[in-house]
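Let's have the full structure, built from the sequences with the hints guiding it.
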Amino acid sequence: MTPRRRRLTLVLGVLAGVAIAGGLTLRALRANVMFFFDPSQVVAGEAPHDQRFRLGGMVEKGSVRRAPGSLEVNFVVTDFRHELPVRYTGVLPDLFREGQGVVAHGRIGTNGVFVADEVLAKHDEKYMPPEVARALKKEAATAAGSARTGS
Amino acid sequence: MLPELGHFALILALLLAGLQAFFGIAGAHLRRDRWLAAVAPAVAGQFVMVATAIACLVTAFVSHDFSVRYVAENSNSALPLFYRVTALWGAHEGSLLLWIFLLAAWTLAVAFGAARLPARFSARVLGVLGVVSFGFLLFTLATSNPFLRLIPAAPDGRDLNPILQDPALAIHPPILYTGYVGFAVAFAFACAAMLEGRLDQAWARWTRPWTTSAWAFLTVGIALGSWWAYYELGWGGFWFWDPVENASFMPWLVGTALVHSLAVTDKRGLFKSWTLLLAILAFSLSLLGTFLVRSGVLVSVHSFAADPTRGIFILAFLIIMIGGSLTLYAWRAPLLRSSAGFELGARESFLLFNNILLVIAAAIVFGGTMAPLIADALGLPTLSVGLPYFNPTFLMPILPLLALLPVGLHANWKKGRLAEKQRAILATLAVAFVLALAVSFGVFAQGRILTLVGLTLGPWIILSSLLDPVDRWRRKLSLSRSVLGMTIAHVGVGLFVIGITVVQSFTQEHDVALARGETAAVGGYEFRFEGVRSMEGPNYDGVRGSVVVTRRAAPLGTLYPEKRRYWVQGTVTTEAAIQMNRGTNLLIALGDDLGAGRWSVRIQVRPLISLVWLAALIMAIGGALAGSDRRYHLPARSAAEAVADTAAAKEGAG
Numbered sequence: 268m269t270p271r272r273r274r275l276t277l278v279l280g281v282l283a284g285v286a287i288a289g290g291l292t293l294r295a296l297r298a299n300v301m302f303f304f305d306p307s308q309v310v311a312g313e314a315p316h317d318q319r320f321r322l323g324g325m326v327e328k329g330s331v332r333r334a335p336g337s338l339e340v341n342f343v344v345t346d347f348r349h350e351l352p353v354r355y356t357g358v359l360p361d362l363f364r365e366g367q368g369v370v371a372h373g374r375i376g377t378n379g380v381f382v383a384d385e386v387l388a389k390h391d392e393k394y395m396p397p398e399v400a401r402a403l404k405k406e407a408a409t410a411a412g413s414a415r416t417g418s
Numbered sequence: 007m008l009p010e011l012g013h014f015a016l017i018l019a020l021l022l023a024g025l026q027a028f029f030g031i032a033g034a035h036l037r038r039d040r041w042l043a044a045v046a047p048a049v050a051g052q053f054v055m056v057a058t059a060i061a062c063l064v065t066a067f068v069s070h071d072f073s074v075r076y077v078a079e080n081s082n083s084a085l086p087l088f089y090r091v092t093a094l095w096g097a098h099e100g101s102l103l104l105w106i107f108l109l110a111a112w113t114l115a116v117a118f119g120a121a122r123l124p125a126r127f128s129a130r131v132l133g134v135l136g137v138v139s140f141g142f143l144l145f146t147l148a149t150s151n152p153f154l155r156l157i158p159a160a161p162d163g164r165d166l167n168p169i170l171q172d173p174a175l176a177i178h179p180p181i182l183y184t185g186y187v188g189f190a191v192a193f194a195f196a197c198a199a200m201l202e203g204r205l206d207q208a209w210a211r212w213t214r215p216w217t218t219s220a221w222a223f224l225t226v227g228i229a230l231g232s233w234w235a236y237y238e239l240g241w242g243g244f245w246f247w248d249p250v251e252n253a254s255f256m257p258w259l260v261g262t263a264l265v266h267s268l269a270v271t272d273k274r275g276l277f278k279s280w281t282l283l284l285a286i287l288a289f290s291l292s293l294l295g296t297f298l299v300r301s302g303v304l305v306s307v308h309s310f311a312a313d314p315t316r317g318i319f320i321l322a323f324l325i326i327m328i329g330g331s332l333t334l335y336a337w338r339a340p341l342l343r344s345s346a347g348f349e350l351g352a353r354e355s356f357l358l359f360n361n362i363l364l365v366i367a368a369a370i371v372f373g374g375t376m377a378p379l380i381a382d383a384l385g386l387p388t389l390s391v392g393l394p395y396f397n398p399t400f401l402m403p404i405l406p407l408l409a410l411l412p413v414g415l416h417a418n419w420k421k422g423r424l425a426e427k428q429r430a431i432l433a434t435l436a437v438a439f440v441l442a443l444a445v446s447f448g449v450f451a452q453g454r455i456l457t458l459v460g461l462t463l464g465p466w467i468i469l470s471s472l473l474d475p476v477d478r479w480r481r482k483l484s485l486s487r488s489v490l491g492m493t494i495a496h497v498g499v500g501l502f503v504i505g506i507t508v509v510q511s512f513t514q515e516h517d518v519a520l521a522r523g524e525t526a527a528v529g530g531y532e533f534r535f536e537g538v539r540s541m542e543g544p545n546y547d548g549v550r551g552s553v554v555v556t557r558r559a560a561p562l563g564t565l566y567p568e569k570r571r572y573w574v575q576g577t578v579t580t581e582a583a584i585q586m587n588r589g590t591n592l593l594i595a596l597g598d599d600l601g602a603g604r605w606s607v608r609i610q611v612r613p614l615i616s617l618v619w620l621a622a623l624i625m626a627i628g629g630a631l632a633g634s635d636r637r638y639h640l641p642a643r644s645a646a647e648a649v650a651d652t653a654a655a656k657e658g659a660g
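Protein sequences appear in the order of chains A and B. The first sequence runs 268 to 418 under my numbering. The second sequence runs 7 to 660 under my numbering.
Certain hints may be false.
[Claimed, not checked] Lysine to aspartate or glutamate pairs mimicking EDC-like chemistry, simulated, CA-CA at most 20 Å apart: (1) Lys-328(A) <-> Asp-598(B); (2) Lys-328(A) <-> Asp-599(B); (3) Lys-420(B) <-> Asp-206(B); (4) Lys-328(A) <-> Glu-365(A); (5) Lys-421(B) <-> Glu-536(B); (6) Lys-328(A) <-> Glu-339(A).
Calculated from the structure, these hints are not laboratory results.
The following block contains the structure:
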């Protein structure tokens with residue numbers, strides 16, 4: 268092979284490698300991302316039934332219940348239009364609190380309860396996950412809009 | 007008065023940075039030696055001004071000056087002195103100031119080191135650093151001034167975020183930033199070479215020590231952050247693919263590629279334009295990392311409220327710096343051809359593959375980190391990318407990278423004569439594989455494929471790295487610091503692989519509900535819960551639990567996990583208790599009072615997790631050692647040159 272041909276082969280090889288890696292990465296990305304839904308979307312049936320997803324909203328005041336002495340905890344996540352009961356077994360994060368924003372990872376159980384395997388409440392008092400903030404803002408806007416049309 | 011003085015010092019620093027940039031770049035371009043003579047004094051003056059600004063802000067923190075908004079937001083009269091000082095970089099504005107200070111310090115060091123470089127080249131390097139500094143100072147003064155007053159003054163401060171009140175995190179940002187900023191030096195060298203239109207092996211030799219030390223700092227910085235996340239956030243492991251972690255990891259990956267590509271440019275004069283591109287990329291990712299983390303664009307622990315003007319300024323700055331340097335690259339890089347060739351089995355090919363695989367790995371991390379942002383910008387459904395994407399995808403380039411390392415180490419430059427070393431390479435591989443089998447089945451009594459692969463690769467890398475140095479040592483030949491440093495860093499890589507494999511394969515964790523006197527068994531250890539007691543610290547109160555640990559009835563001690571409530575912000579933090587036992591980390595975190603006398607307790611048994619951080623430290627030590635090799639020390643310039651320069655400087659001053 269002439270040096271030129273060799274360089275061309277090398278460049279083509281590298282390009283092919285990068286293309287394959289890029290393709291596989293995109294595939295992995297498509298198969299492994301988790302989508303976010305708020306309770307209204309879940310109630311409307313938009314969330315997948317056979318896949319894990321992120322549920323976000325506020326922990327409804329007065330909704331946190333534990334079976335005494337057990338790790339299982341039940342609470343309700345709300346976006347102030349619809350509610351969704353959530354069940355979780357394990358240690359809750361420090362900033363988990365009623366009336367605060369929360370994101371739960373998990374899937375919908377058979378009885379309509381969201382079974383979470385991970386609960387996130389971020390490390391800032393004033394922090395609200397941006398998705399939650401946006402979902403709540405959207406709900407507030409639609410609520411205001413429907414109030415206007417109603418009057 | 008002091009805050010105003012600090013503010014004024016920053017404005018002066020901005021002007022000096024502008025002068026430094028102008029005189030450095032324009033002076034070199036127009037060949038005005040008098041202008042060049044003004045560059046070094048501007049660097050020194052800028053350093054003094056930025057140091058003054060930092061001192062003013064520290065004084066405001068230490069003396070509880072709550073009339074300064076930034077102090078009022080990030081400190082409190084009950085905050086201990088140490089954290090009052092480190093609170094300086096507890097939020098966005100102060101972090102920027104720290105960045106600027108470290109850049110000024112690096113620039114000063116470069117100015118001293120570069121006194122031995124050709125005058126025009128060193129002026130260009132300092133000029134480019136001046137541009138970077140100018141951008142950061144302008145950003146700080148325009149959008150994120152830490153010296154703004156709060157009128158009327160707050161009676162007391164809102165306190166430093168309690169999770170930042172921790173010794174490891176106190177030193178994590180300065181070290182991490184030292185690494186980021188260090189890549190600015192490599193970037194400046196690259197830009198100067200392109201402006202000059204000349205890049206020779208001497209250039210690579212000047213650039214190498216700076217790049218390698220920056221890389222070493224970044225390594226330590228990332229390891230500290232990972233360690234902190236482990237014990238303070240109670241995330242449990244050593245890596246979570248959190249956007250913030252990724253932001254620091256991407257420049258590390260590209261920086262690692264740069265360190266290796268510079269070796270080829272230095273020894274063989276090859277990969278020139280590729281090295282330049284990597285230098286640009288490493289610094290661009292450092293910039294992206296700094297800004298993404300602190301601007302609140304990424305959703306993470308570190309994020310602060312997003313401010314739209316900041317976002318636009320950041321975007322503009324990134325476009326100018328990255329776009330500008332890439333334009334320069336497109337224009338000038340074709341001038342810098344390499345002419346030599348090499349064979350497929352030669353060391354150059356291995357380093358080429360090393361570079362390609364590292365850049366692919368960086369691209370994978372980049373894709374996963376940016377996908378949510380891009381989806382968001384395009385109005386697609388909100389998505390998040392986590393472990394299920396990163397873990398398997400990242401291994402695709404990294405496993406071949408690790409497998410090539412023990413082979414490539416023995417390849418010669420230029421000629422592919424690997425056959426001579428074939429026996430030694432295969433022998434180390436065989437030994438490593440037997441070790442892997444023994445550890446996997448003998449100690450842990452299980453063996454998955456990935457576990458075996460990892461446990462083989464780790465020892466193989468270590469053994470193979472040690473072959474040549476040990477041989478030289480036995481024959482009483484000298485070892486240069488750069489070879490020694492490289493060996494240590496590669497041994498670090500091997501240890502790192504072993505650590506990660508063992509942690510990932512053999513970790514056991516459970517959340518349990520325990521009443522006083524009850525015992526939980528996890529991973530061969532027994533944990534007896536002895537209840538909780540209330541306690542009080544300087545600026546918090548809380549409860550402290552005690553857990554007695556035993557292994558096969560032999561007592562190992564008592565652990566005291568805490569749950570603290572910081573008074574000012576009312577924030578609750580979990581202080582996990584950690585004990586090391588024969589290389590295994592036992593971590594206990596207190597959960598909630600479950601009622602009926604029980605508490606939820608998180609118990610984790612992670613073998614060899616400390617090795618991961620230790621190995622990172624070893625890599626960094628190797629880097630530091632390699633960077634200090636004598637072959638990078640520049641000979642003093644000839645007397646004639648020096649005299650000419652001083653004359654020019656005198657003229658310039660007069």
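Outcome of the hint check:
| no. | hint | in the structure |
| --- | --- | --- |
| 1 | Lys-328(A) <-> Asp-598(B) | holds, 18 Å |
| 2 | Lys-328(A) <-> Asp-599(B) | holds, 19 Å |
| 3 | Lys-420(B) <-> Asp-206(B) | holds, 18 Å |
| 4 | Lys-328(A) <-> Glu-365(A) | holds, 5 Å |
| 5 | Lys-421(B) <-> Glu-536(B) | violated, 67 Å |
| 6 | Lys-328(A) <-> Glu-339(A) | holds, 18 Å |
Of the numbered hints stated above, the single one contradicted by the structure is hint 5.
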